[in-house]
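Peer 1: Chains as they are written, first to last, in our numbering: chain A, 4 to 248; chain B, 1132 to 1360; chain C, 1132 to 1360; chain D, 56 to 282; chain E, 56 to 282.
Worth flagging that the hints you see were computed from the coordinates, not collected in a lab.
From a predicted model like this one, the values you see are computed outputs, not experimental measurements.
Some clues are possibly wrong.
[Stated by the list, open to error] Beta-carbon label-pair distances, calculated as ranges: (1) 87(E) - 1144(C): 44 to 52 Å; (2) 1342(B) - 1305(C): 28 to 36 Å; (3) 1138(C) - 87(E): 27 to 35 Å; (4) 81(E) - 147(A): 53 to 61 Å; (5) 1336(C) - 1331(B): 32 to 40 Å; (6) 1236(C) - 184(D): 27 to 35 Å; (7) 1199(B) - 85(D): 20 to 28 Å; (8) 1236(C) - 252(E): 45 to 53 Å.
Virtual Cβ for every residue (Gly too), placed ideally from N, Cα, C.
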Amino acid sequence: GGEKKAPPAAQQAQTVEINVSAAVSLKDALAEIQKDYQAKNPNIKLVYNLGASGALQKQIEQGAPADIFISAAPKQMNELEAKNLINKGTRKNLVENKLVVVVPKETKLNITKYEDLTQDSVQKIALGETATVPAGQYAEQVLQKLGLWDKLKERAVYAKDVRTVLAYTETGNVEAGIVYKTDAISSDKVKIAAVAPEGSHQPIVYPIALTTGTKQQEAAEAFVEYLFSADSKAIFEKHGFVMGK
Amino acid sequence: MLQVMMKKQLADFTIDIQFTVENNILVLLGPSGAGKTTILRAIAGLLRPDTGTIIHNERVLFSSTARTFVPPQFRHVGYMFQEFALFPHMNVRKNIWYGVKQNDNKAKELYERLLGLLHIEHLTTRFINRLSGGEKQRVALARALMAEPAILLLDEPLSALDSDTRLELQAELKKIQGIWKIPFVLVTHDIAEAKALGDQFLFLEKGRQVARPAFRPSEFCQCQSIELA
Amino acid sequence: MLQVMMKKQLADFTIDIQFTVENNILVLLGPSGAGKTTILRAIAGLLRPDTGTIIHNERVLFSSTARTFVPPQFRHVGYMFQEFALFPHMNVRKNIWYGVKQNDNKAKELYERLLGLLHIEHLTTRFINRLSGGEKQRVALARALMAEPAILLLDEPLSALDSDTRLELQAELKKIQGIWKIPFVLVTHDIAEAKALGDQFLFLEKGRQVARPAFRPSEFCQCQSIELA
Amino acid sequence: MEWQPVLLSLKVALSSLIFVFIFGVAAAYSMRSFEFPGKSALEALFALPLVLPPVVTGFVLLVLIGKQGPIGQFLSESLHTQIIFTPYAAVLAATVVAFPLMYHSAKAAFEGVDSNLEDAARTLGSGSWRVFWTITMPLSWSGLVAGLVLSFARALGEFGATIMVAGNIPGKTQTIPLAIYFAAEANDLTLAGAYVLMISGITFFLIFGLNIWSKKRCGKSSVKGVF
Amino acid sequence: MEWQPVLLSLKVALSSLIFVFIFGVAAAYSMRSFEFPGKSALEALFALPLVLPPVVTGFVLLVLIGKQGPIGQFLSESLHTQIIFTPYAAVLAATVVAFPLMYHSAKAAFEGVDSNLEDAARTLGSGSWRVFWTITMPLSWSGLVAGLVLSFARALGEFGATIMVAGNIPGKTQTIPLAIYFAAEANDLTLAGAYVLMISGITFFLIFGLNIWSKKRCGKSSVKGVF
Ligand SMILES: Nc1ncnc2c1ncn2[C@@H]1O[C@H](COP(=O)(O)OP(=O)(O)OP(=O)(O)O)[C@@H](O)[C@H]1O
Ligand SMILES: Nc1ncnc2c1ncn2[C@@H]1O[C@H](COP(=O)(O)OP(=O)(O)OP(=O)(O)O)[C@@H](O)[C@H]1O
Ligand SMILES: [Mg+2]
Ligand SMILES: [Mg+2]
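Bound-form chain A, shown alone:
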């Protein structure tokens, strides 16, 4: 794109603002990183816009200011890439997540693996909408891989986001729900009953990339680099993420 460079004099004197559009599930981790990074780079100001990946994608498509995009799934990133709105060369996978089965904390059911979901006492299972919510897509993959999909399809309640899956589970309206590990950790009314076997789904990655519309190319690159540093890694892992390769 034909971006206008700000005059160099102004660039040095003023603090640089970096707009980061990021999936809302990264909130806590990113907030901690923001504190550290701004302390180290006083002339940088990080501005987060946190939301659902799909909404963020639409905003970027309409020319909303964003220098960096962190999506909760590759799909949104792919679509922006196809429209040439992100800088292909800068795309990497930031963190990974795991898919787990959660049950209400006081449940009387004995569920320790995905196969246990076929018990008759499990009347309803909440998962994300398989067409739109990434967690739902991954859940479908796992269940199909394990040969449980046809049996469980009838019991599924599709939620519009992971938060709703958790709400259903927390309030005991479903016997089990399938969510990300990071979400499961953050709720104290559910417990993790089972983790999806390695390889039963595509890796759950959070891709990151610079947008083509960025006016802060260098500063943004520096920040992305910092996100991959050991300091950041510790923070991400504290919140249940696994660092991407």
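We have chain A; now place chains B, C, D and E with the ligands onto it with these hints.
Peer 2: Positioned in the frame of chain A, the structure of chains B, C, D and E with the ligands alone reads:
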């Protein structure tokens, strides 16, 4: 027979009145703001006197000591409001029929008779906002009469009518009272009308009965030699 | 001088009238529904005649041929509505002052004078819904007079008042007209009042002028020997 | 595009409209007639569903009608049924979110009714019930219609609370807004657009119909006369 | 809990209320006075923001005020500014979604005004403008207040369209509903609950204040008399 004994504190003075209406016509007279409408409202049950009793044929409609208050809908009072209070969302016919309990032949006859008497036959499908002032007044009168009440309260019922119609209706009201034999309480400012209709008179001033009104003779003299240019 | 020539189709008949009011009082008489209010509304600019002209001192207020229509707010007409049309969200004082253009000493004097004349001094802070019928009528009259109009239209201005006040106000209206020297058009059903006030008379029946009214003598006779029981 | 969400939406919106009308009008009328302590608090409570994000309303409803919730337990124990994840839950959600619109419109409408006319009806022998139906209601009609329009529109467009308590079970609880949301999320903007057109069409239809009908009504009884 | 979202929400809701009031009342009043072809269609359009899921409204606004959108281009070319991702966008979103509530309430309120009183004011020398301010507005006050309550509540609770055009930028464009969403998404239900209490508190406060105020007002000019 209607017995009224009531006190009611108003903004500027207190109504303190006591009267009995046999089954005939009582005319309430008095200057504007004397409390005439307030008395009618109390009889109709639309406001509670502070103290007193209102008794109709042995039936206690209101009593402050016995804490009786019969709500307006059970008083069988036909009340024609000074400002008509016609229902703007109904046509004339519906307005007139609103208070009728039994839609029988008797009611139909009375309806036809009233329409003729009041010269409102041509207005039955009109809505209220498309009537002239006098037409509204006649419709309001018809509505109060159609309810076949046990007490009839008329607040300046003929004030907006021309003198011909007025005289005609005075005679009719008198006749109707003769047939129904119920107490009428009527407010008017027209002395001739009071004279023509009233069996009893009550002069009111600032809420109290006054023995004899201070009528100025002028108003009676003037009429004698009418000759319009 | 006010010249009116108008035709207007109504539900039941057509108003077809022509008259001139010099700077004096024209009394409109006629049975209920004859079109009196309609004529006043046309002069005030609240309805358009089908055809005709309305001219006030050479100024064309309405003309169907020249397609002139001066909106009501520019006609300087004081119009007292038959049903008062007082503003319920204002107190009496605010209602009366509403039409005053210049809040000067002259207006204040007139205001004080009208309050006294109409016996409404004690009501100035009252809201309209807490007035009696006659009190409303007097406030409406005060409001129309306060606007110091160039034409005054009064639709049954005294109908709800007791005869004493009525006579008093008739005299006052006559006096005011004498001072202002503007055309008054006044509707009344009271022959005595018409006689007392009118310089000219116009008898209306079904929208047309009738030469001489068919007054029944009865109404005049009755007054002579008033003696109330 | 499928017709099922359209039909379901209409059914849900119309059913909830009935409840909203009954409860909204009843509440507004009672609030007009009675004074009691805590009245303002109750009024504020009535406005809450409007101010709370629908998802929160949905969450509260979920807790109430869910398996462990008081209403949910009552239903399952006494009637052996549950409304969560059924179209009934969608009706409930739409009713709750649309209620404030009807309530406040009706309240304002009733305040405008001339109490003299109600008094007149009473002297003509009408009890409170008849006075309400024959006088108060018709005279506040334009305000009530505004409330109905707003409520219907709100019920038709209800999304956040509905998806929480009714779930999104295609063919069973998917209303138009849910269909729009999922089509949009799936980046099927054509489908989403089709549903948007559909729901807009219904609105147009409704308001057109209403205007024509009320013009007919006014022809008969216009408050402004014809001059 | 932070105070910034609370302050921002109040600012956004109050600013949008001003616009909503002006546009809503102006639209309702013009629609009352003029007849023109396509009037019903325009009315239906005015109801749309209520029926469309806020996300759709948000998307439409996004397209309009985005870089390539007609409004966005105009703003950036002539004023060298953009409102997307700023609190102004939040005000815009709140205004658009609350508008139908004000419009329909005002319309019903104006219909209830006795045109005789307006006529009377006109004969007393008032032009349309003064008639409107001194007669029509005060007489339709209870309906207008209902519209204001509904609009304010709706603006305060606005979420879907806001997050689309204003983004969810903590400290800059995060209103209470966004903070609730954000806290809930991050599973911090205590924080979400705190914000819910906050927004409910504001509503209570508003309605309490309004009731007390209108009682005072009625003391002076009650339509029902005191008897
Ligand atoms: N708004 C209206 N729409 C249609 N017709 C009306 C309207 N107002 C009055 N009319 C009719 O027009 C005729 C004249 O009415 P108008 O009000 O001028 O009578 P009026 O002479 O003032 O009578 P009154 O002495 O009873 O007040 C009557 O037949 C009446 O029914
Ligand atoms: N709603 C009200 N609230 C308070 N005071 C009122 C109310 N209505 C009337 N009043 C006052 O009570 C007194 C009596 O009023 P009422 O209406 O009974 O008079 P009235 O005799 O019928 O007069 P009119 O002949 O003018 O109709 C008056 O001083 C009036 O100002
Ligand atoms: Mg009276
Ligand atoms: Mg008249």
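Peer 1: Failing hints, ascending?
Peer 2: 1, 6 and 8
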